[in-house]
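Trainee: Chains G and W supply the protein sequences, listed in that same order.
When the letters of the first sequence are read in order and numbered with the working numbering, they come out as residues 81 to 552.
When the letters of the second sequence are read in order and numbered with the working numbering, they come out as residues 12 to 273.
Because the hints were derived from the structure by calculation, they are not lab data.
Errors might be hidden in some of the hints.
Below, a list of computed lysine to aspartate or glutamate pairs in the DMTMM-like style, where the Cα atoms sit at most 25 Å apart [what the hints assert, rightly or not]:
1) G/Lys248 / W/Glu145
2) W/Lys101 / G/Glu449
3) G/Lys445 / W/Glu82
4) G/Lys309 / W/Asp99
5) W/Lys83 / W/Glu44
6) W/Lys83 / G/Asp444
7) G/Lys445 / W/Asp104
8) G/Lys445 / W/Glu105
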Amino acid sequence: MASNGTSKQRSAANNNEVAFIRQEDAPILPPPTISSGPAGWLYENIFASMLDYSSLGAAVKSILMTVFTAFVAYVFVVQVYGLLDFAILSAVWQDPEEQKRQVCWTVEQGGALPNGWHGACWPYIIAKTKFILYGAYPNESLWRVNSTYLLGAILLAWVMIERLPYRKFVAAFFLTIYPIFATVMLTGGGFGLSQFSVGVNTIAGLALISFGRAGKAGWITGPLLDFSKVAGLAGWFFIFFAAALVSVGVDFDLEKIDTRDWGGLLITLVVATTAIVVSLPLGILLALGRRSNMPVARTLSIIFIEFWRGVPLITVLFMASVMIPLFMPEGVNFDSLLRALIGVTLWQSAYMAEVIRGGLQAIDKGQYEGADAIGLSYWQSMRLIILPQALTRVLPGIVNTIISVFKDTSLVSIVGLFDLLGATQSTIADAAWSTPVQASTGYLVVALIFFVFCFGMSRYSMYLERKLNRGH
Amino acid sequence: MVKTSVARDEKRKTSLDETVIVSMEHVNKWFGEFHVLRDINLRVVRGERIVVCGPSGSGKSTLIRCLNRLEKHQDGDINVHGIELNNDVKNIDEIRREVGMVFQHFNLFPHLSILENCMLAPIWVRKTPRAEAEEIAMHFLTRVKIPEQASKYPGQLSGGQQQRVAIARALCMQPQLMLFDEPTSALDPEMIKEVLDTMVELADDGMTMICVTHEMGFARRVADRVIFMDEGQIVEQNEPEAFFSNPQSDRTKLFLSQILGH
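Make a model of the complete structure from these sequences and hints.
Mentor: Here it is in structure tokens:
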């Protein structure tokens, strides 16, 4: 009896611990904000880690953090101040008496500046601006380059700003008409009309388009029907090509400017833009080809990618400038800029293809099956389902590749093209501006220009990433 | 508003009995050396509701995935909605237009909104005008009871809601046959009911359905026929009442005792 009672008591006690009924809800509270505003941010992110002396270990850690923070701050301040001092505070800005190099000389060197002076020599850059930006492009024709830049910038901005209407239309214009416009403006056009090739392209185009129309109208049956589906599109390509031939062939009475006279930022932008714009679609095709079930497409893609990826860009450029002319028939002169352009573009496509293939591999098999099951064709499912997701996922990699090729364009200087770096370097060799700070000033400008473009691309890609994020 | 595909049906010449929508004859399939489907013979008539069950690895998913060529059978004849399923891409495309499929993991397109997920196939495959496609999509989203989620993205929905969207997406093509590949297996318990309710409603409307599922309550309530598969073969099939109360084969008895045991 007694034992029975205790066990009951025990179980009652247990029940007391286990059973629980909430009588009133726990209050919903705001988070404990210790800090807000800039001061709070500084405290949380910088000083909090230095102020804990509650134990020996914490004190040692706080002291180490203090020393480290102070060191980083010191290096940062010294570097930034050094750069500011060189580029702005101590810099020479004007050369009113047209002394050229003497304006940036110290007393010791025969000039007027105090001994030990070290600063940028901006009059030198001002004198060389035209060459750094345009190379030997004739002065009286610079408006052609500038208007090409202006139209390109307007079109690009239009495509990038989402609020504007007709963005797809503008993008199509940018990728089709604009390159022809730019070619004519920059080179002067007037390459001569070959009636034969224009005629052949036009006729082929018209034939293909009518074939496509006939297929749509239901006049064609059998195996040719599949062909007629792509014929229409292919036809427009031929027509476009014929139109492009006519546009660059017709003489617009512009002065012809050989690409040997192009230089500076102009070459950098032409090579980089072409490589970027062409390598993206080409890379997509190669990546799809490499993952294709069709052995021929797969093998060709693998050979292409591995060949171009296995060769350094410098080798590609050398081969383009030295080897290609050997295979050309006598008298055919292949423009050296065009050769470099083709080399850089194909080389870049191989890299782009591998980045995009990484994205394709990250897509779940279920997405392919989902697209198949609702009846989408291969190209539809790639365009509507797979590629939008794959490209979004590898956007950082794509932009990385783009930024990298933008900077790699400076390698074209080794095949005799004066890109931004090459042109600046050649101005550094100009004895009329020879000073101890000439090279530093020149390279600072090159670095700044490259940085502005690359940083811009980087920021835009981060914006795109945020915009395309669907929270999955 | 939702037009049926009468015109298309009239054009199609079928050698089979009009009411047979799926016929599989002596179908065999191998994964490498592994014989995953062994001599499958199956006929499904219009309006029939079939539940396929069996232990995992028995080939039941492979069976229904063969019906719209997500898997390729190597031997035997498959005929869906009067179209022979062979290597001809045109036939495959035509069959996929008539067969809707719902997957275990939903397979919604995460970069498109719910509405766009549903409008995609009508617009690109059926070439339906945009406005009409939107009307169709909203009709079926209303039918699965989530029209208010139309502008959200799949990642913002619960599993049960996503699966109902997947059902609506398949219905937007107004298919003749719906395939369900373990539609509730990836769901939390409290969401299974909303998906099953949607499927029951669909069955009540007369949709021809083949469901691979472990939901025996659903089978009992909806199925006209239960098919039990094991080791790549159809071992037993019967009406649900007889199948559950009086299984004939030992393997069926063992399977039922295992899944109904607790």
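Trainee: Hint by hint, say whether it matches the structure.
Mentor: Hint by hint, here is what the structure shows:
{"no.": "1", "hint": "G/Lys248 / W/Glu145", "in the structure": "22 Å, holds"}
{"no.": "2", "hint": "W/Lys101 / G/Glu449", "in the structure": "18 Å, holds"}
{"no.": "3", "hint": "G/Lys445 / W/Glu82", "in the structure": "13 Å, holds"}
{"no.": "4", "hint": "G/Lys309 / W/Asp99", "in the structure": "17 Å, holds"}
{"no.": "5", "hint": "W/Lys83 / W/Glu44", "in the structure": "15 Å, holds"}
{"no.": "6", "hint": "W/Lys83 / G/Asp444", "in the structure": "20 Å, holds"}
{"no.": "7", "hint": "G/Lys445 / W/Asp104", "in the structure": "19 Å, holds"}
{"no.": "8", "hint": "G/Lys445 / W/Glu105", "in the structure": "22 Å, holds"}
Hint violations for this structure: none, all hints satisfied.
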